[in-house]
Amino acid sequence: MNTSATAESIVASPETGFERPNYLNAEYGLRSWLLTRDHKRIAILYLISVSAFFALGGLFAMLIRLELLTPEGDLMQPDTYNRVFTMHGVIMVFFFLIPAIPAVLGNFLVPIMIGARDLAFPRLNLASWYIYTLGGLFVLWAMVNGGVDTGWTFYTPYSTSFSNTHVVATALGVFITGFSTIFTGLNFVVTIHRMRAPGMTWFRLPLFIWSHYATSLIILLGTPVIAITLLLVAAERVLHLGIFDPRLGGDPVLFQHLFWFYSHPAVYIMILPSMGVISELVAAFSRKRVFGYKVVAFASIAIAVLGFLVWGHHMFVTGQSIYAATVFSVISMLVAIPSAVKVFNWTATLYEGSVSLQTPMLYALGFIGLFTLGGLTGTMVATLGIDVHLHDTYFIVAHFHYVMVGGTIMGYLGGLHYWWPKMTGRLYPAFLSRLSALLVFVGFNLTFFPQFILGYLGMPRRYWSYPEEFQVFNVLSSAGASVLGVGFILPLCYFIWSMRYGKRSGDNPWGAVGLEWDTPSPPPTENFYTVPVVTHGPYEYNTQEVHARTSHPEARVG
Amino acid sequence: MSHNPESTLKWYIAVFLFLMVMTGLTVAVAKMDLGAMNDVVMLVIAVAKALAVILIFMHVKDSTRVTALTVVGGFVWLGILIFFTLNDYLSRGDLLLNVPGK
Amino acid sequence: MKSQLPLFPESASSVAPQVDALFYAWTAVSIFFTALIAVLIIYFMARYRRRHEDEVGLPERAPVWLEIAWSVIPLLIALAMFAWGTQVFVQIYRPPADAVVYYGVGKQWMWKFQHPDGQREINTLHVPLGQAIQMKLTSEDVIHSFFVPAFRVKQDAVPGRYSSVWFRATRPGVYHLFCAEYCGGEHSRMIGSVVVLEPQQYEEWLAGGPAGQPLTASGAELFQQLTCQTCHGEGGSGAGMAGMAPRAPSLVGLYNRQVALADGRKVVADDSYIRESILNPMAKVTAGWQPIMPTFQGQVTEEQLTQLISYVKSLSGEGGAEAGGGTAEVGTAGGQMGTPAPQAGPQPQ
Amino acid sequence: MASTAFDTHLEGPHGAHGGHHHPSLQHQFDSLEQQKESSTLGMWMFLVTEIMFFGALFTAYVIYRSLFHGVFATASHHLDVTLGAINTAVLIGSSLTMALSIRAAQLNRRKTIVLFLLLTILLGGTFLGIKSVEYGHKFHDHLVPGPHFAPEDPAIQAVADKAQVFFSLYFIMTGIHALHMIIGIGLLTWLAIASWRGRFDSTYYTPLECTGLYWHFVDIVWIFLFPLLYLIGAHAR
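Residue numbers (our numbering), protein chains in the order written: chain A, 1 to 558; chain B, 1 to 102; chain C, 1 to 349; chain D, 1 to 237.
No wet-lab data here; the hints were simulated from the structure. Here the structure is a predicted model, which is why all the values come from computation and not from measurement. Backbone N, C-alpha and C fix where the C-beta goes; we use that ideal spot for every residue, glycine too. Not one of these hints is a red herring.
Cut-off 25 Å, straight-line C-alpha distance, at most; resulting in silico cross-link-like pairs (DMTMM-like, lysine to aspartate or glutamate):
#1 A:Lys503 with C:Glu53
#2 B:Lys61 with D:Glu33
#3 D:Lys138 with D:Asp153
#4 B:Lys31 with C:Asp263
#5 A:Lys294 with C:Glu60
#6 A:Lys503 with C:Asp54
#7 B:Lys61 with D:Asp201
#8 D:Lys138 with D:Asp80
Okay, the calculated bits of chain C under chain A, using three or more residues with CB under 8 Å as the criterion:
#9 42-52
#10 78-87
#11 134-148
#12 155-165
#13 180-194
Listing some non-contacts, in silico: residues in chain C with all C-beta distances to chain A over 12 Å:
#14 Gln119
#15 Gly130
#16 Arg168
#17 Ala207
#18 Arg265
#19 Phe296
Only chain A is shown next, with the shape it has when bound in the complex (with noise of 0.2 Å):
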């Protein structure tokens, strides 16, 4: 093929300072990126929005935090703070955690990694991103116009007939917010099944693919019922109409069975992707393949599937029935397995590796560590004993937050840190990066730890005063949330810092192995010169092949 030999006469070496011809400087203006329908660039349009809804949704932490320093509501009404409190939730569930790793990660390197030259369905990516950033304005709109108070949850009969906020624009932002994901997820399993490259076999996919198939089956099969849920709290507001009113004989707790139906599975949603990440890494930073690697993957389907028959967990004390919420319990303790097994094969695949702490591997080891004690944690509240006095306590709070800040974001930032030379072909400093990674995995539990004992002693969620006797708890809290801050703040200095100053990484800068890794960085429009035929499984590593992998190893991060 003619043009493969072209493509080859044009690898510059990056010290000529010479750019080869890549996806970033194929077209320049900012046309050419809100018309792209280059996966690469998209993801980089998903890496802006999700970003900036990170920090919004961080800003509210923040306001949250610092009312809570003191036992008396001193900093704000508590109208003010329910609205800081919703709006915190709503945006960091669905416009941040949600799509944080499948639509920038998953984006970048669904097609990568399995040696295709996009996704499926381009315009539909692109389409994606345009609904999302719609929805995040119905949502923006209703911050801006006062808010919304009902908690990210959207309880009926609250939501439907007593709040007087912008119920309808929120619910409408996140609905039409749920058709971006759908289109992200659609994207990925037709991709993944229909666009390997040739010799790509199932059992040749990397795990963060394993990952976020399983991802996006469930976005397919769940996100649907939230979306009519919300729509019906809508229409119930709107037009009147009473499926959920009980003074009509409709059932408040019907909605919280429609809408956990998808939202137990969003968490699953959240940390699978995150997951596949820490394998990635888990991998590259050993040097070893992923210890069980077909249990680990296998594992990933299962989380998916169980994870859709436990959504009851969520309302042991709504007045289900004690039957149904026996079989949620026992079903919930089974999704356990799955998410163990996988610690475990994390850990054991350290076992006779090469273990290199570069910044990454940080981020996925205090994955798993916060993932273990989030994991466990849930698994206790899992037990129907101890959920009837932990549930809407603080326990809950801290729990889900280990899991999905511990989780999610730990697997976020790692993976950014990873892929980063890969998407802009530039390395970032190593002490700062370094230093962040400390710095959140410390904050992190300063913040979070506390709020298990706050929980366990009684303190309801929600509450923006509260009895003294908790106020110590709550100011380590707020301490732990100023230093997590700074955490979160220096990496987005540094990344922007570095697209502009930092070294050049080369193609591999890790000595990584995966399809990624065989092109160059930043990749071209098509991802690659020639269409990759592959032959072996993923983490296949031996030394002479990383030897001549690893790129300008003097230019290698730390």
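With chain A held as given, fit chains B, C and D onto it using these hints.
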């Protein structure tokens, strides 16, 4: 899918007639009082109609296994939603609660 | 003054020690596994650190027994905890035979309580020490949740139905009562206290309060006021008025019995059913009776409803019949299936 | 589906049949067959989300039907079985014409494709027309839930609250179904124009195939809605 246009035409017409007859049948049966069987017959007919549409009009009969699995998966998941929700409501009498404990 | 740095919540009910035992057992398991993972990671990190740039890990050896072991052992632990947890859960919700029923109604943003003898309170609940108390909860507006950390009990109060939880206080004192389900603006001020008194002090407290009358008595008065007896008979006996054929089923022995409905289904006549039948009589009509009862929606408050229910309950003696105890013939007992009820008889009120 | 000309892109080893591309082959695919398989699989994935979308409503229906058994039967008397049955037949007919238009594409009969698409649009429009007549009756009889719910039928008045739940479900389910029909008619119109311009033939008719799947799915939803809403009380009328 079947690439013989003659046979597809026959199938399409057959399915169309089947659907029409079944619609008539379901209305006729609904006007008889069969007690709880009314619901059962109604649903059996609806499922039969839906199956005919899925298999023939939507070409699942001649499609890949992945497609067939997708369809089955969709309905199984709907089953999960309905089953586990109903599971709560049908055991709501809180029978257990009304039996005094020790 | 409470401790400034408490680590353990107060424990003041009969189930609290059981919940705590379960909690500590789980905590121990969690600490063990977290420590195990942490130690292994730190050890592997140091032992297998990368020593030169081209070093790679050894080929993976993944023995099957290991995978099975670390799947099955956590599974067994989790299932054991599930069994233990479920046993505690059932204890938290299944009231003992001697439980006395108190009613609680949540309202934005206060708790209204009714004692069995008619005493009413807002945001404070006095209870006697050692007495099993079943809280029947409902709400006038949004979902609230009755949460007493010291008792380790919590139950949502859902509008439109009754939910229930019970406790037996074991230590006198004043304990926090929280609303645990977010209920709007003043959610964090919907707090109150549960005051546990020695039985004798409780009696004194009751005597000191404004004189009320027992719930059943208020219910009986209300029954007359609303002229329920016109159809259900004096005392809910089901006897027809002035020699006429009865128009409505007897309420005697109804509570907690199974009722056959006109559409062929059977339901248990629990609090929620009776409440619904008063507010929305056409929803579940007893088999063999004409659907002629008018609705009382808007005419009775949640508190009055609890009084009526207490009264109906009292017609079945202590605690009512055992649920599921036979497919009760309540529906047809006094009902003379054959006797055609008046098609459109004069309706009460 | 404008094709994107990526002159520089490289062929995969299994992608290069002959020297030219089909004008409808998009750059990320190696072959038309791969493109068609991807599109239909994608469409099916979308339909799965639609199953769950309507599924949540069916779940609400099942729950309330089990709770308010008799009320649903009584309220159902106010739906017009005859119009519902006619609409069912109309929709089944439109499914047939939809399937036949795809067959016409497989046979390279351009005008027949357009003819059957127009017939499908016509039948879809008929369905919506009848549906709007039914809605009109409901408005007239004050059976629309909300503050203006004021049925004259004493049987409904007696259970007014729970009947509102039934009519809420009726309007939201049929309303969202009708919305899907409207979107479908939009798609069909676009397809009819594209077919007239000769965009589709036996080598490439994926958009027809996908829209067909969508249209049949909407038909299936109605196949369940009709008995569940209209027929549940028919025997006790």
